[in-house]
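Taking the hints into account, I'd like the entire structure generated from these sequences.
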Amino acid sequence: MSEIQNTTNHADLAEVFNNDEARVDWHDETLWWIRSKRDVAVNKISNWEVLRETASQIKHNVLSNLNNYLQQFESNALSNGITVHWAADAKEHNQIVLSILEKHSIGQMVKSKSMLTEECHLNDFLEANGINVIDSDLGERIVQLAKEMPSHIVLPCIHKKKEEIGELFHQHLGTPAGNADPQFLTETARQHLRDTFLTRRAALTGVNFAIAETGEFVVCTNEGNADMGAHLADVHIASMGIEKIIPERKHLGVFLRLLTRSATGQPITTYSSHFKRPNKGKEMHIIIVDNGRSIQLGREDFRNSLKCIRCGACMNTCPVYRRSGGHSYHNAISGPIGSILAPNLDMEKYADLPFASTLCGSCTNVCPVKIDIHQQLYKWRQVIVKNGYVPAAKKASMQIMDWTLSSPTAYHTAGKAGRFVLKYAPFMVNNKLNPWYKHRDMPEPPKESFGEWYKKNRK
Amino acid sequence: MTSRERILSAVKANQPELATLPDVDFLLQEDIDVPEKFIAALTAIGGQVVSVENHATIKAFIDENFEQPSRKITTVSELGDIAEYMEDNSAEPHSLENVDYAIIQADLAVAENGAIWVSEDKIRTRVLPFITQYLAVIVRREDIVPTMHQAYNKIGSNDYGFATFIAGPSKTADIEQSLVLGAHGARSMTVFLMP
Numbered sequence: 001m002s003e004i005q006n007t008t009n010h011a012d013l014a015e016v017f018n019n020d021e022a023r024v025d026w027h028d029e030t031l032w033w034i035r036s037k038r039d040v041a042v043n044k045i046s047n048w049e050v051l052r053e054t055a056s057q058i059k060h061n062v063l064s065n066l067n068n069y070l071q072q073f074e075s076n077a078l079s080n081g082i083t084v085h086w087a088a089d090a091k092e093h094n095q096i097v098l099s100i101l102e103k104h105s106i107g108q109m110v111k112s113k114s115m116l117t118e119e120c121h122l123n124d125f126l127e128a129n130g131i132n133v134i135d136s137d138l139g140e141r142i143v144q145l146a147k148e149m150p151s152h153i154v155l156p157c158i159h160k161k162k163e164e165i166g167e168l169f170h171q172h173l174g175t176p177a178g179n180a181d182p183q184f185l186t187e188t189a190r191q192h193l194r195d196t197f198l199t200r201r202a203a204l205t206g207v208n209f210a211i212a213e214t215g216e217f218v219v220c221t222n223e224g225n226a227d228m229g230a231h232l233a234d235v236h237i238a239s240m241g242i243e244k245i246i247p248e249r250k251h252l253g254v255f256l257r258l259l260t261r262s263a264t265g266q267p268i269t270t271y272s273s274h275f276k277r278p279n280k281g282k283e284m285h286i287i288i289v290d291n292g293r294s295i296q297l298g299r300e301d302f303r304n305s306l307k308c309i310r311c312g313a314c315m316n317t318c319p320v321y322r323r324s325g326g327h328s329y330h331n332a333i334s335g336p337i338g339s340i341l342a343p344n345l346d347m348e349k350y351a352d353l354p355f356a357s358t359l360c361g362s363c364t365n366v367c368p369v370k371i372d373i374h375q376q377l378y379k380w381r382q383v384i385v386k387n388g389y390v391p392a393a394k395k396a397s398m399q400i401m402d403w404t405l406s407s408p409t410a411y412h413t414a415g416k417a418g419r420f421v422l423k424y425a426p427f428m429v430n431n432k433l434n435p436w437y438k439h440r441d442m443p444e445p446p447k448e449s450f451g452e453w454y455k456k457n458r459k
Numbered sequence: 001m002t003s004r005e006r007i008l009s010a011v012k013a014n015q016p017e018l019a020t021l022p023d024v025d026f027l028l029q030e031d032i033d034v035p036e037k038f039i040a041a042l043t044a045i046g047g048q049v050v051s052v053e054n055h056a057t058i059k060a061f062i063d064e065n066f067e068q069p070s071r072k073i074t075t076v077s078e079l080g081d082i083a084e085y086m087e088d089n090s091a092e093p094h095s096l097e098n099v100d101y102a103i104i105q106a107d108l109a110v111a112e113n114g115a116i117w118v119s120e121d122k123i124r125t126r127v128l129p130f131i132t133q134y135l136a137v138i139v140r141r142e143d144i145v146p147t148m149h150q151a152y153n154k155i156g157s158n159d160y161g162f163a164t165f166i167a168g169p170s171k172t173a174d175i176e177q178s179l180v181l182g183a184h185g186a187r188s189m190t191v192f193l194m195p
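First to last, the sequence lines map onto chains E and Z. For the first sequence, position 148 (counting from the first letter as 1) is numbered 148 according to the numbering used here, and the numbering increases by one without interruption. For the second sequence, position 134 (counting from the first letter as 1) is numbered 134 according to the numbering used here, and the numbering increases by one without interruption.
Think of the hints as simulated: they come from the structure by calculation, not from any bench. Be careful, since some hints might not be right.
[As the list claims (entries may be wrong)] Below, a list of computed lysine-lysine pairs in the PhoX-like style, where the Cα atoms sit at most 25 Å apart: (1) E/K44 with Z/K37; (2) E/K370 with Z/K12; (3) E/K91 with E/K147; (4) Z/K12 with E/K307; (5) E/K349 with E/K307; (6) E/K379 with E/K394; (7) Z/K37 with E/K37; (8) E/K416 with E/K447; (9) E/K370 with E/K37; (10) E/K370 with E/K44; (11) E/K91 with Z/K12; (12) E/K307 with E/K37; (13) E/K379 with E/K395; (14) E/K147 with E/K160; (15) E/K349 with E/K395; (16) E/K307 with E/K370; (17) Z/K154 with E/K44; (18) Z/K37 with E/K280; (19) E/K416 with E/K456; (20) Z/K122 with E/K282; (21) E/K349 with E/K91; (22) E/K160 with E/K37; (23) E/K147 with E/K162; (24) E/K280 with E/K91.
Following this line, the structure appears as structure tokens:
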């Protein structure tokens with residue numbers, strides 16, 4: 001098998017992030033603080049576990065009846081006066097957005113947070129077609145100015161220091177050099193984007209939940225940017241993955257209670273807006289996007305990943321994410337959930353991601369819809385190895401391990417050799433060539449193996 | 001085959017065996033101390049709660065506490081003498097860009113999270129509660145429900161073109177997790193709690 005050309009893999013990118021140890025500590029502590037806020041909020045809800053289980057079961061029902069729910073949603077949305085589009089993949093999604101804008105001769109669009117459009121690389125596509133796009137969520141605006149991807153699905157610029165943001169604003173928005181006061185910078189963004197909202201004729205938003213029963217969709221923000229964009233524009237485009245469907249309006253009660261408590265520890269987002277009909281004289285479009293989701297639906301071991309409501313709790317709690325940063329996942333959705341979604345899109349390109357985990361299971365424990373994230377990570381590893389998408393070195397060492405563990409003689413010899421090396425020649429393993437040596441010392445070798453001890457001591 | 005047909009047939013072929021939709025009505029039983037919890041929840045997320053007797057008390061509060069001169073809009077007819085009364089949905093959204101205060105009436109409020117619910121007929125112009133610099137909302141004590149489950153139970157199958165939960169002032173913590181009130185929506189939220 002030829003060696004996989006994987007120049008952007010998680011371990012290498014994490015190593016770059018880890019060059020600045022103080023920043024890693026800061027990143028780690030910030031995310032853990034958010035995780036702790038989640039715990040405080042969750043512990044106030046006496047039947048939290050019941051809510052999680054209920055949400056998981058509702059989503060299970062959704063996945064099992066998705067083709068009917070999608071058609072029910074479409075038919076209700078149509079009778080509400082919403083235009084419904086279907087996009088098989090990212091390319092088609094982007095083309096639909098462009099065609100809507102072109103139909104109205106619109107050259108500028110304001111966008112609120114939508115991880116789906118990040119997945120589809122919509123901004124790049126539109127810019128290449130002469131459309132100016134401004135992201136209006138503050139964090140997304142910041143990474144857009146920095147020409148970066150969001151590093152977190154809920155906190156897009158969690159990796160950035162305020163001084164770096166101050167510098168970006170100085171360059172792009174003319175704020176005084178050296179001013180890094182969050183209050184001041186937020187106010188600057190408010191003024192700058194207010195003008196954007198007032199002058200854009202098209203607004204694109206994501207969708208948090210789409211209700212089959214009513215044909216309406218819900219968009220949650222803290223900043224109010226989705227509403228400012230959508231209500232001031234002539235054309236509102238909402239992009240949603242097929243898995244955003246929930247059956248009935250009353251199910252929102254379950255999901256809205258779970259979403260923000262899991263995400264940031266708030267009891268609910270500031271705004272949870274329900275869009276059902278376009279305003280008179282205005283247009284509302286929904287683009288329903290597959291882009292690999294129907295394939296994931298067919299993977300029995302991985303379909304539960306489609307239950308995700310994008311709260312980001314799995315990232316905040318993940319010891320690997322916190323210390324490697326969102327960009328090390330080289331995918332629009334990072335962290336544990338990104339690592340089980342991405343290989344479905346491109347198993348070769350994202351073969352490294354299921355290995356970027358300690359399998360500690362913390363992600364699974366905090367997931368509000370009870371996705372078995374760490375188990376899926378473990379299962380992806382097996383699928384990836386079976387399909388040959390692992391680096392040659394890992395493959396070779398796995399083969400040696402396989403041979404050693406299946407031959408008692410080899411096993412005993414290897415054990416002895418290992419103990420000998422650790423005792424008499426520790427420099428052989430305590431060096432840079434051994435990745436296990438990074439940030440830790442190798443253990444003290446035991447005097448003898450359990451097998452040897454047992455032989456001596458059995459009666 | 002259109003993309004629609006392709007997606008639907010792929011979904012149908014790949015979806016698991018039909019699983020039952022769980023009952024959620026049992027969640028309605030949850031009960032908490034309603035107005036006190038609402039006040040605590042809204043205060044914790046940066047809102048302000050003012051207990052008032054009637055519309056006259058509200059007017060007195062506005063007189064005393066809202067900056068003058070300012071552009072004030074209300075959708076509550078009883079306050080028509082102290083603010084521009086917005087009777088219907090005919091206002092052009094952009095014409096509201098200089099509104100300082102909007103005073104609206106909530107359909108209901110939720111104790112567990114401090115959110116108020118308004119549908120389009122209560123706000124008249126969809127953009128109003130977002131574009132205003134400061135938002136004030138009248139909530140009747142009897143309209144407060146314990147949790148989101150009771151909220152949706154009350155909303156039922158009501159028809160609206162647009163409706164929203166609003167919980168406190170617009171906010172962001174995108175810069176180093178420092179909480180800043182007044183992102184793109186209202187900079188503050190005052191709830192007038194009426195008997």
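Here's how the hints hold up against the structure:
1. Annotation: proposed proximity of E/K44 to Z/K37 holds, straight-line Cα distance about 12 Å (limit 25 Å).
2. Among the hinted pairs, E/K370 with Z/K12 is consistent with the structure: their alpha-carbon atoms are about 24 Å apart, no more than 25 Å.
3. At roughly 21 Å between alpha-carbon atoms, E/K91 and E/K147 fall within 25 Å of each other, so this suggested pair holds.
4. This hinted pair checks out: Z/K12 and E/K307 have alpha carbons roughly 17 Å apart, not beyond 25 Å.
5. Pair hint E/K349 plus E/K307 holds up; C-alpha atoms about 23 Å apart against a cutoff of 25 Å.
6. Only pairs whose Cα atoms come within 25 Å are accepted, and E/K379 paired with E/K394 is accepted, the gap being roughly 17 Å.
7. Restraint check: the Cα-Cα separation between Z/K37 and E/K37 comes to about 19 Å, which is no more than 25 Å; the hinted pair holds.
8. The suggested pairing of E/K416 with E/K447 holds, with an alpha-carbon distance near 10 Å, which does not exceed 25 Å.
9. This hinted pair checks out: E/K370 and E/K37 have alpha carbons roughly 19 Å apart, not beyond 25 Å.
10. Taking the CA atoms of E/K370 and E/K44, the gap is about 19 Å. The hint holds against a cut of 25 Å.
11. Restraint check for E/K91 and Z/K12: the C-alpha separation of about 23 Å stays at or below 25 Å, so the hint holds.
12. Distance hint between E/K307 and E/K37 is fulfilled; the C-alpha atoms sit about 23 Å from each other, no more than 25 Å.
13. Proximity of E/K379 to E/K395 is assessed by CA-CA distance (about 17 Å); at most 25 Å being required, the pair is judged to hold.
14. At most 25 Å may separate the alpha-carbon atoms for a hinted pair to count; E/K147 and E/K160 meet this at roughly 13 Å.
15. Between the alpha carbons of E/K349 and E/K395 the distance comes to roughly 17 Å, so the proposed pair stays at or under 25 Å and holds.
16. Our distance criterion of 25 Å between C-alpha atoms is met by E/K307 and E/K370, whose separation comes to about 8 Å.
17. A distance of roughly 24 Å separates the Cα atoms of Z/K154 and E/K44; the hinted pair therefore holds under the 25 Å criterion.
18. Among the hinted pairs, Z/K37 with E/K280 is inconsistent with the structure: their alpha-carbon atoms are about 38 Å apart, more than 25 Å.
19. Distance restraint check for E/K416 and E/K456: the Cα-Cα separation of roughly 16 Å lies within the 25 Å cut-off, and the hinted pair is therefore satisfied.
20. Our distance criterion of 25 Å between C-alpha atoms is met by Z/K122 and E/K282, whose separation comes to about 20 Å.
21. For the hint pairing E/K349 with E/K91, the CA-to-CA distance comes to about 18 Å; that is within 25 Å, so the pair holds.
22. Straight-line distance between C-alpha atoms of E/K160 and E/K37 comes to about 20 Å, which keeps the hinted pair within the 25 Å bound.
23. For the proposed pair E/K147 and E/K162, the alpha carbon gap of about 16 Å is at most 25 Å, so the pair holds.
24. Annotation: proposed proximity of E/K280 to E/K91 is violated, straight-line Cα distance about 31 Å (limit 25 Å).
Checked against the numbered hints above, the structure breaks hints 18, 24 and satisfies the rest.
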